[in-house]
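**Q** Letter by letter, the chains look like this.
Protein chains: 2
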Amino acid sequence: MSFKVIKANVLAANDDVAGKIREMLAKTGTYMINIISSPGAGKTSFLEKVGPMLRREKISFIIVTGDCFTSRDAERMDKLKLPVVQINTGNGCHIDAGLIKKSLKGTDLKKTDLVIVENVGNLICPAEFDVGEDAKIAFLSTAEGADKPLKYPLLFRESKLAVINKVDLLKYVDFNLLFCVKNINNINSGLKILKVSCKTGEGLGGFVKWIVSEIRNKKTRKKGVSR
Amino acid sequence: MSFKVIKANVLAANDDVAGKIREMLAKTGTYMINIISSPGAGKTSFLEKVGPMLRREKISFIIVTGDCFTSRDAERMDKLKLPVVQINTGNGCHIDAGLIKKSLKGTDLKKTDLVIVENVGNLICPAEFDVGEDAKIAFLSTAEGADKPLKYPLLFRESKLAVINKVDLLKYVDFNLLFCVKNINNINSGLKILKVSCKTGEGLGGFVKWIVSEIRNKKTRKKGVSR
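Chains as they are written, first to last, in this note's numbering: chain A, -18 to 208; chain B, -18 to 208.
If you are wondering where the hints come from, they were derived from the structure by calculation, not from laboratory data. For clarity, every value in this text was computed on a predicted model and none was experimentally measured.
Have a look at the derived ranges for each label pair, beta carbon to beta carbon: (1) A:-8 <-> B:166: 38 to 46 Å; (2) B:72 <-> A:183: 28 to 36 Å; (3) B:33 <-> A:159: 24 to 32 Å.
Cut-off 25 Å, straight-line C-alpha distance, at most; resulting in silico cross-link-like pairs (BS3-like, lysine-lysine): (4) B:200 <-> B:91; (5) B:152 <-> A:176; (6) B:8 <-> B:39; (7) B:30 <-> A:152; (8) B:152 <-> A:180; (9) B:152 <-> A:152; (10) A:8 <-> A:200; (11) B:8 <-> B:141; (12) B:141 <-> B:30; (13) B:163 <-> A:60; (14) A:152 <-> B:176; (15) A:152 <-> B:180.
Yeah, the Cβ is synthetic: ideal placement off N, Cα and C, and Gly gets one too.
Turn these sequences into a full structure, and let the hints steer you where they fit.
**A** Set out below in structure tokens:
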């Protein structure tokens, strides 16, 4: 029981900081996504492909990537000249709002359309922590099994978009796509679902279209407010 | 800082219970493994295949399977008449020693050679929690990428065996097996590594051989002590 109370306090403190980040992003009209997946679902490969596409759309962005140890993901993105900040959480299982606040220091948000948070590979804890994002993205792969939404419902309940990656593997793995989509719909009927392959590029254009539209909508709302 | 102290207290309380479980298992000569992996690495498929093989070896065992929600894994094993207890952790990200103690109530450990803990799908938090096991097993799949040992070193440091599953997918995914093995060896040079496929059955005999030998060694040590 005592642990639960402690956890509630930790979450409340986190939510305060997240609220401040959200205010800050509202002022500059900067959109923030928080991508959450299992280890190895393909978040970094996704950003390696999507980053250059966003650049072609003239979207200015920064990637904040979290990992327990190593800066392998940041190095991969740095090779492509994608602007990236690495967070190492040690054995910490999620990124919290405080870490995001620190990571954004020195970033000129007025000149930034999009902050992309690539969370630590974990389907459970990151879903509990608001980091001030506009949208959580539940990112899963066909190699993981179609029952993951049922087993980790919080993430799918909290998300605005679900991305199913590695559709190129569908013919080699036992993944029932219809069952997976049905499970996602049962948990969160409003959740948009995109099927992609970071290997073949399939479906990535749909993601770029979605995020560009989200960014524009936020900027329009901001103008509406400041008028 | 305060969160770290709190965490230390939680871990200390957990270790007390884990110590008691370990004493209990020492008395009956029961071996316990704690299998830890990402969501969807194939733990349940592994147990579906290995369970009947253990039975043919006359190993009496019980499976304690953890999940945030649903009892899908337990149902899958129940269909095969494998003895199973389901733990639901809610949004809890790991199984702790207290949950194992509760799960073992009603089990006659004198008649049980092996307790198999199938942890919640998560590479981070479960590695921190001792549940009284003789061996943690780091279980990963070729679909996850070969850099996972580097990113989640604690699990590989704490484990006695690493199982690399889904070797049947090696020709369809970018997984550098040599790099993965090298990374594991760098973290824990004593770690035994098994390559398996739960789909084709490849390598599963090697696991059964290993666990049977571990169980026998523990029983021999127990006899040595009681003499």
